[in-house]
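First to last, the sequence lines map onto chains S and U. For the first sequence, my numbering gives the first residue as 153, with consecutive numbering after it. For the second sequence, my numbering gives the first residue as 71, with consecutive numbering after it.
Calculated from the structure, these hints are not laboratory results. Watch out, some of these pointers could steer you wrong.
[As the list claims (entries may be wrong)] Straight-line alpha carbon distances no greater than 20 Å define the calculated EDC-like cross-link-like pairs of lysine to aspartate or glutamate that follow:
hint : chain 1 : residue 1 : chain 2 : residue 2
1    : U       : LYS158    : S       : GLU271
2    : S       : LYS483    : S       : GLU351
3    : U       : LYS201    : U       : GLU107
4    : U       : LYS405    : S       : GLU395
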Amino acid sequence: MKSTEQPRFTISPFLVFVFIQAMQFGSEYLSMSTKPIQWAGQDTWISVLLCGGCFHIAIWMIYRILNHNGMDLPGIHHQFFGRWAGGVLNFIFIVYFLLIASYELRFFIEIIQVWLFPELTTWPLALVMLLLVYYIVAGGFRVIVGICLFSLIRYITIFALLFPAVFFHYGNLSPVFDHSLNVLVQAGKSLTFPFGGVEALFFCYTFIEAPQKSEKWAYWANALTTVSYLLIILFTLLLFKPEQLPKEIWPQLTKYKFIQFPFIERFEYIGAASQILWVIPILCFCLWAPSRICKLMFGMKQLTALPFLFVLIFTAVCLIPGHESIEAVQKMLSEIGFYLIFAYLPFLFIVSVIRMKVRRVA
Amino acid sequence: MKRLLFLLLGICMLLTGCVKQQILDKITLSFVCAFDEAPEDQIEFTIATPKFSAGKSRTVTNILQSKIGHTSRNITELMSLQLNRPIKPGKLSVILFGKELAEKGLADDLDVILRDPLTSRRMYLAVVDGKAKEILKANFSSNEEKGMFLYNLIDTNVRNGIVPRQVLHDFEYAYVGKGRDPFLPILSLQNNQIMISGLALFKDDKYVRSLDVKQMQVMKLLQGNSKFGTLEAKQDNGTYMAVKNDESKVNYQLGNDVSSPKVTINLNLNAEIIDAKGTQLTIEEQRRIKDRFEQDLTTTGKELFQSCKEEGIDPLGLGDFVRSKTRNWNEEEWKQGYSTMNIALNVNVNLTEMGIRK
Numbered sequence: 153m154k155s156t157e158q159p160r161f162t163i164s165p166f167l168v169f170v171f172i173q174a175m176q177f178g179s180e181y182l183s184m185s186t187k188p189i190q191w192a193g194q195d196t197w198i199s200v201l202l203c204g205g206c207f208h209i210a211i212w213m214i215y216r217i218l219n220h221n222g223m224d225l226p227g228i229h230h231q232f233f234g235r236w237a238g239g240v241l242n243f244i245f246i247v248y249f250l251l252i253a254s255y256e257l258r259f260f261i262e263i264i265q266v267w268l269f270p271e272l273t274t275w276p277l278a279l280v281m282l283l284l285v286y287y288i289v290a291g292g293f294r295v296i297v298g299i300c301l302f303s304l305i306r307y308i309t310i311f312a313l314l315f316p317a318v319f320f321h322y323g324n325l326s327p328v329f330d331h332s333l334n335v336l337v338q339a340g341k342s343l344t345f346p347f348g349g350v351e352a353l354f355f356c357y358t359f360i361e362a363p364q365k366s367e368k369w370a371y372w373a374n375a376l377t378t379v380s381y382l383l384i385i386l387f388t389l390l391l392f393k394p395e396q397l398p399k400e401i402w403p404q405l406t407k408y409k410f411i412q413f414p415f416i417e418r419f420e421y422i423g424a425a426s427q428i429l430w431v432i433p434i435l436c437f438c439l440w441a442p443s444r445i446c447k448l449m450f451g452m453k454q455l456t457a458l459p460f461l462f463v464l465i466f467t468a469v470c471l472i473p474g475h476e477s478i479e480a481v482q483k484m485l486s487e488i489g490f491y492l493i494f495a496y497l498p499f500l501f502i503v504s505v506i507r508m509k510v511r512r513v514a
Numbered sequence: 071m072k073r074l075l076f077l078l079l080g081i082c083m084l085l086t087g088c089v090k091q092q093i094l095d096k097i098t099l100s101f102v103c104a105f106d107e108a109p110e111d112q113i114e115f116t117i118a119t120p121k122f123s124a125g126k127s128r129t130v131t132n133i134l135q136s137k138i139g140h141t142s143r144n145i146t147e148l149m150s151l152q153l154n155r156p157i158k159p160g161k162l163s164v165i166l167f168g169k170e171l172a173e174k175g176l177a178d179d180l181d182v183i184l185r186d187p188l189t190s191r192r193m194y195l196a197v198v199d200g201k202a203k204e205i206l207k208a209n210f211s212s213n214e215e216k217g218m219f220l221y222n223l224i225d226t227n228v229r230n231g232i233v234p235r236q237v238l239h240d241f242e243y244a245y246v247g248k249g250r251d252p253f254l255p256i257l258s259l260q261n262n263q264i265m266i267s268g269l270a271l272f273k274d275d276k277y278v279r280s281l282d283v284k285q286m287q288v289m290k291l292l293q294g295n296s297k298f299g300t301l302e303a304k305q306d307n308g309t310y311m312a313v314k315n316d317e318s319k320v321n322y323q324l325g326n327d328v329s330s331p332k333v334t335i336n337l338n339l340n341a342e343i344i345d346a347k348g349t350q351l352t353i354e355e356q357r358r359i360k361d362r363f364e365q366d367l368t369t370t371g372k373e374l375f376q377s378c379k380e381e382g383i384d385p386l387g388l389g390d391f392v393r394s395k396t397r398n399w400n401e402e403e404w405k406q407g408y409s410t411m412n413i414a415l416n417v418n419v420n421l422t423e424m425g426i427r428k
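When you get a sec, could you build the whole thing from the sequences and use the hints?
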């Protein structure tokens, strides 16, 4: 298998920064601060750094695996575990990405339903969003990366953090180091889901022009995500008491309740609707990656596989009824994501290293 | 295939307007609402809806709607049966609570506002001395909308005056957060005029004690740096003098050992003399005036601490301050020691200017 696609399908190494950043920074950030702050309180920012560090190592491992083998994950699965076991693993990844896509889409629709239009039913919005996503994914990987680049506009919302500044209580950040390492790690564990998304590298590797050069950009993307999350956690700590947080479902949307302009009284409308910028890139990739796996596994065209995936996601989204089940899906996904990064990835890394050693000896 | 896709995307454009619209002319926006106590654990909920009379510009009258029921949302529903346009809470900026209801606790009634995605967290709350409904009945704002009038009344006094800020977010923060208790301004009606007559201190969410205007001012000074307000103090010769607060800075210190006071509050105030009652302001005289003001502020401050300790409440957030400086802070222990705790107050008044006369 050749290590890269045709040049006209590939992206420049620096676009990996944009891409990984968009994959990591999903809409889970809206509610991510609640849980870790319950455990680690004012020290949660340490957990964020801890988690960011762990993902740095994860990216390092991913690049080692990929560089050794010079192919993407479906190919590696085939080579390591043979046709059948590899196929099963690839299939698991298809399900994983479809689940993530359904979750992200349902999550976005829930926000729209709660914050903007309570009368809205799930399916029309899901249909419209999926049509948009289909249109983007049909354009290929480069178009998806283009959408990721476009979604960087979301960093404008960082200014929304400034409006509640008069309500900040700086005393909330001290005393520092008042929690045990154990608790910090536990809080860090609950942050792995928002950090997740680096596994996308496994699938886009062959689409990067000179993939070895892109490694540093992936690290930078992770660093930017870490800094963004750090800001979010600090902001939440300054504005809320830890006791207030369990009552808030989306503390990061509550910040829009502090913004008032003469021309727009309820800024939440813009804040909630802007979540689409977080959702669309992930949605696109999570439809693209399974279709890509289908192509490699069954030899079918990506455009033929897409409508099936489309229908699957649409059905799944309509079947998730309300907040409780969305939370349940999130819980399940964060478990899967955790074991993917901290169990499966090291396992794959070790297998890869052993294979290299064995091959060199032989 | 492509053509079909474009067609589908085009059809999506027609989906706009498929959800319920809320056009300003077809809904009732209320700026102020009031909660009162009613028999059998019910609440009396009042809203003042503005009515813009056509033709006459700048005149707004309010129509009062009031009903008794168990939940405010259900009452709103019942009110809609009387109104030609449905009531929407999007612009609600002031909520008034009757004194009796405040004594029973506000948390239950605040839940509905905090839960609603369409309400601001910056709205003002206030306790009314008496029944909140009565205050809305009074004709205190001539041509202005009553809700806007009340909002501006509290807002200007918080921004440029002596009323400490406590918006909805602050209230919940102080109520739910450890080591802090909420407070709210008290509104009262005097000769058909509304005024902020003091501060209501809460224990958890229950109104327990009130402060007068002077104590409220000291409270504001101790809460944070401020730049507004006029202070008055009796001089040795029996006359009163007034100074203007140009800039006040406050900082809190935690006592290091057992013998020193647990918390020391240092208040530094730069003041400008604005009313000297004709006294020649020599250096000695200025020093005397300064001493007087320092003494006066310290006494009021001590009274404030004393009444807080008696009720076991902590509107200044001293517990929160100590928490931020102590490892493994325990709320229970803190509460036990609070009533006998030693709080020191050091006031330093600097007379910087004296207007344009000597």
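Here is what the structure says about each hint:
Pair hint LYS158/U plus GLU271/S holds up; C-alpha atoms about 15 Å apart against a cutoff of 20 Å. The hinted pair formed by LYS483/S and GLU351/S meets the criterion: a straight-line CA distance of about 18 Å does not exceed 20 Å. Between LYS201/U and GLU107/U the CA atoms are separated by roughly 8 Å; this keeps the pair inside 20 Å, and the hint holds. Restraint check: the Cα-Cα separation between LYS405/U and GLU395/S comes to about 18 Å, which is no more than 20 Å; the hinted pair holds.
This entry satisfies every hint, going by the numbered hints stated previously.
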